[in-house]
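Residues per chain are reported as follows:
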Amino acid sequence: MRSRRSRRSACCNPIAAETIVTHPESAGVNERRPGAIAGLRSLIYNDVTAAVLLIAFCGFVYYLSTQIRQVPDALAQGMQPASYPQGVLVFIVAFTAMMLFESRARPLDVPEPVPGLAYATMAAMVAALIVSTWVDFFLGIILFVIVCVPLWGMRRYLLATLYAIAVAAVLYLLFGVFLSVRFPSGVISNLVSRLVGQ
Amino acid sequence: MTAFLEGVAFLGDPWNLTLIVIGLLIGTMIGILPGIGATMTTALLLPFTMVMDPIPALSLLLSIYCANAFAGAISAILVNVPGSSSAMVTCLDGYPLAKRGEAGRALGIATVASTVAGIFSVIVFVIGAPLLARVAYQFGPPEYFALTLFGLSMVASISGEGSAKNLISGALGVLLATVGVDYVTGAERFTFGYLELTSGLKVIPILIGLFAITELLMQTHVIHLVVERIALKAMKLPTWEDYKRTWRAILAGSGIGTFIGVLPAEGGTVASLVAYNEVRRWSKNKSEFGKGSIEGLAAAESANNSAVGGAMIPTLALGIPGSSVTAVILVGLTAQGVRPGPYLFNQQPEFIYAIFSIMMVSNVAWLFLGLIAARFFALLTLVPNALLWPSVFFLAVIGSYSLDQSMLDVWVMLAFGILGYYMRRFGFSVVPLAIGIILGDILETSLKQSMLIFKQDATLFFERPICLFFFACALLGVFSPHIFNFINRRRDAAALRTSEPE
Chain Y
6 MRSRRSRRSA
16 CCNPIAAETI
26 VTHPESAGVN
36 ERRPGAIAGL
46 RSLIYNDVTA
56 AVLLIAFCGF
66 VYYLSTQIRQ
76 VPDALAQGMQ
86 PASYPQGVLV
96 FIVAFTAMML
106 FESRARPLDV
116 PEPVPGLAYA
126 TMAAMVAALI
136 VSTWVDFFLG
146 IILFVIVCVP
156 LWGMRRYLLA
166 TLYAIAVAAV
176 LYLLFGVFLS
186 VRFPSGVISN
196 LVSRLVGQ
Chain E
697 MTAFLEGVAF
707 LGDPWNLTLI
717 VIGLLIGTMI
727 GILPGIGATM
737 TTALLLPFTM
747 VMDPIPALSL
757 LLSIYCANAF
767 AGAISAILVN
777 VPGSSSAMVT
787 CLDGYPLAKR
797 GEAGRALGIA
807 TVASTVAGIF
817 SVIVFVIGAP
827 LLARVAYQFG
837 PPEYFALTLF
847 GLSMVASISG
857 EGSAKNLISG
867 ALGVLLATVG
877 VDYVTGAERF
887 TFGYLELTSG
897 LKVIPILIGL
907 FAITELLMQT
917 HVIHLVVERI
927 ALKAMKLPTW
937 EDYKRTWRAI
947 LAGSGIGTFI
957 GVLPAEGGTV
967 ASLVAYNEVR
977 RWSKNKSEFG
987 KGSIEGLAAA
997 ESANNSAVGG
1007 AMIPTLALGI
1017 PGSSVTAVIL
1027 VGLTAQGVRP
1037 GPYLFNQQPE
1047 FIYAIFSIMM
1057 VSNVAWLFLG
1067 LIAARFFALL
1077 TLVPNALLWP
1087 SVFFLAVIGS
1097 YSLDQSMLDV
1107 WVMLAFGILG
1117 YYMRRFGFSV
1127 VPLAIGIILG
1137 DILETSLKQS
1147 MLIFKQDATL
1157 FFERPICLFF
1167 FACALLGVFS
1177 PHIFNFINRR
1187 RDAAALRTSE
1197 PE
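Just so you know, the sequences run in chain order Y and E.
Residue numbers for the first sequence follow the numbering used here, beginning at 6 and rising by one.
Residue numbers for the second sequence follow the numbering used here, beginning at 697 and rising by one.
In isolation and in its complexed conformation, chain E is listed as follows (with noise of 0.2 Å):
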């Protein structure tokens, strides 16, 4: 009780309180405008929180993520151009009610749902992270291992173009993270006689690279994208019949979206596609999916605002990053000497309260927020590219310059952001390989404690009951793409037999 007061009463600092309004505010207008993210944002604030404590670089960090989770739908629903990857099954339905003047309604459920959903997985949060810390303090570095090597494989199933190709790239950070000096033998590793690469590859102007030069080049390829945008008179709070007819979708939405976001490296945008077919398989009005429905709407939104908390889960409990946006955040965390992990929770439990109370004030102030403003957010719909795209490369080389004061962080920054390019053209994703260099060293250290536990035999691994349970979890994540394809192919052609006629 004492820590949950503790927790709690960062929220009397008016600083903190500031940074969650500023935060709120950021994150509201980078959710709106297309093809800057979350991901994007807080790489590009980090170098700005290193010099604040923890706590306040968390209220800025986490209500950034909150505010662009519920906000990506804005622009979703008035332009059909989802203002996150997150949105884009909000658009299949915000859309289309937009387009027959409901637009009001259809971002007053968005909110509503999205708000509630925050909630509820918050809750879930506060709940389910000690308890998984708990069962986290029997892991040795065998089940670090183990468990780090199951993050890695979900990274598999991460948008882009087949498993193999997100597994690729998670394994080229993983040997990007071997830059450096190995910290058993002192030997130098692909260091080319550089001392600036003698503690490794910096990760936060690599993060930069990846999520805004990258985007920013892929923009080239849609500055001349006309849109069409909906005006917004006001936004519409449900009616008791909307909410009547939501409430199932909204709960189950909830339910996914944290389950979803507890997995390692998923995130919203898998949520909410997972809760949409859901919701569209035992709704009994299927035929309006895709053409304006509000429980579509609702599951879709709800969905990918309850993955953010079930992303803090495995981030703060056991260091693995739920999704790409708390991979950014575990490295703001780790730069500012915050150990996330089991003994978080027992050395300073007021941390995670502290959090679970920013994110409720988060949740609860968008929803004023939203319903109050969200027709002058959406006017930043109007900023032109020219303007915009530019000014995030100012950002990006002063927020790498910023951290070490070095060029070689901006010429890093700028070589990743190219590569990063390349590798989206030859379909490769960038998220895995920010995963693969956040996680390498862990994965790294923790085999080559096992191996001295172990006396050099590997085969012991197999002895250790959490260890196999991981394993056989990684491989599932690995080869699940093709089970899924394996029996999606098998019940439309079932479907198929089924329609033909005789």
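This is chain Y alone, in the form it adopts within the complex (with noise of 0.2 Å):
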């Protein structure tokens, strides 16, 4: 979701002290304020930032891209390995200097902040995957909905821990034993191996 809010100046400053007006359905939260300058997330969230990353990201691959081998002549047929990489680079910088054009026209679209849950989820996902690398498959995904189903509205444990379980048991009847898939040895992995019979 993101709140509009209309740029009079036609410059992708994102810090200029213009006046930001917003939309009508916004009335009244945010009024005008002349000389108001853009909060941080104008700041992150703006072409030229996203150029600069960009730029930054290709100035780093093309150095990764001269570390590739040279092959010799007969061999490269003329086109050493780096050369296809190196033109993407460059199209993806013509095509950045085509986003700042296209910016100068565009209004700044600042998008709402990112909220708790996102970064909870976020959180929650990483997590269960190093429990899943490093302790039980089965047990780090479990544990995230166990998590999830209360963080994303849904307070009631006992449901969730029974609909995580309920899940888990169908997909691994689904992959494990009708398409055998191995899923990584653990502590619950191995406990349902045994009571499967496999």
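To be clear, the hints were calculated from the coordinates, so they are not data collected in a lab.
These numbers were taken from a predicted model, which means no experiment stands behind them.
Backbone N, C-alpha and C fix where the C-beta goes; we use that ideal spot for every residue, glycine too.
Heads up, a few of these hints could be off.
[What the hints assert, rightly or not] Here are some chain E residues pointing at chain Y (derived, C-beta under 10 Å): (1) D878; (2) T881; (3) G882; (4) F888; (5) K898; (6) P1080; (7) M1103.
Make one complex out of these two single chains by using the hints.
Rendered as structure tokens:
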């Protein structure tokens, strides 16, 4: 979801001291403030920042491409292994310039802040995969569901636990038994394997 | 004729028919649930289809694709939230109709329009795809390079914040496709010494991350959204008067949708928008549009469904995806060892007729399924997001792992999911990135082969008329959003001048 802020100036400079006018839908929430400075989010989420990040990324990848070994001309047949990715990087830089040109006439769209739920979900995903990788595959994802169901608004922990176990069981039967996928060994996986008789 | 009969005979296998029914049910359920689209569903189920033969796999994936295109209308009409992005335009007239007590009528019109358009596009597919494949026989590596470039240029007009961002996203996808061993020289590129990266990044976990995990994280922004749901008592078939009013819109939507579906990278969303605008332009009841026009509803629904058959034409005839869903299907076919392109039509023509049969059966079956069971499917809109979305992560993890039984694929899936989320926050669409990764290999291969043929003289590209044609189309694709904006601005300015009082 992105809230819209109209910008009078054609320049894409995010911190120019111009009037920032909000859209009529949010009138009354943010009034006209002459000389107001855009917040940190409009500094981050604007095309200039994106362009800087992209060019820095292209520069870094170009440096990495110079480490790709050269091959004899007879083998390269006119195109060294690094040439093609370097050509693509040139196009990305050109499109970045095009993006800055397009952004001149486009009002700055500042997205809403990242909700806490998004960060919590990301953290839960990473934690779940750490548990799945080093403890038990299914335990990690079951824990993710148990944690996220209440986080996402359904504060019924028993239901969440039962639901997580039921989904895990169905997917284990589908993939592990029916499709013969071998899941990594872990505490629960070994137990279930013994119960199922594999 | 033999190939046609062999293709249709695949339907005689009860397993294929069962998979079609399962696909219709899954596609309908997914189509009704906002946020989960056919692209995500096919990406999530792709690992599951790897153990199947190509035809059963396609039975499942194509029936999901067809049903999803239909079913997005149900939540668009009842809840004013499109079940899939291609049903966005359906909200404009479907929901107002539902609000004044005509939900059953709206759904009936949407279902019939979808079915007619779907059948139309499948017939065009079975006629048009072989013709296009015959033309593609003339293609050599230079033509394939130009065609792939054209396919990539079309990502410029996918929804997002401007064509340049889509092109950057597509180019990043092409760059990611260079990871691995260069097939000509054997040199490793961007592998950082990891053995797992020598064969390149695996596409399926990336697709799952970009389409499933990214959407899961985007849903955290709308978790508290309260939607007003209109109850559905029964679906009503259109009356004779309704048919008289909407047949032109259905015909126009079918034609426009099929044509736009054929264009690489465009899909149902663009098709429904264009068809809606066109039908409104020549309708005698312009004032009804946006307030419950059955013509507008019929145009939108017929276009987004006919784009399904249209999108299959370049996917199978040329190996260039016609939409994001067919991009995923293309990955699945390639992983199965099926090589889309003109050789497929020559060596395995029954394959094409099998796809025709699957899509025809899916379209007809959904008509009955929709009429009978729409009321029950509509209850799915009551499923809490708190149960739904954590399950998507479950499926995404298991699906990514099951491909090669490697946890690295799961971590790649998660990394791209988070990357996709921040890309969308910066206004970059993830669909071009996916298409860039899929087409990147073909682009590089055909370029290198072309340079070999041309003895490193790139100007020889311009001596081949088909290459020139596709290069011109590519330039048009890149700059068409700007051209259309310019034309629209001039038209608006002219309209403003004529409407100003003298």
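Hint check results:
1. D878: 4 Å, holds
2. T881: Result: holds, 4 Å to nearest chain Y Cβ.
3. G882: Since chain Y brings a Cβ to about 8 Å from G882 (chain E), closer than 10 Å, the hint holds.
4. F888: 9 Å, holds
5. K898: K898 (chain E) check fails; min Cβ-Cβ to chain Y is 16 Å, beyond 10 Å.
6. P1080: Holds, about 6 Å.
7. M1103: 5 Å, holds
In this structure, the one hint that does not hold is number 5.
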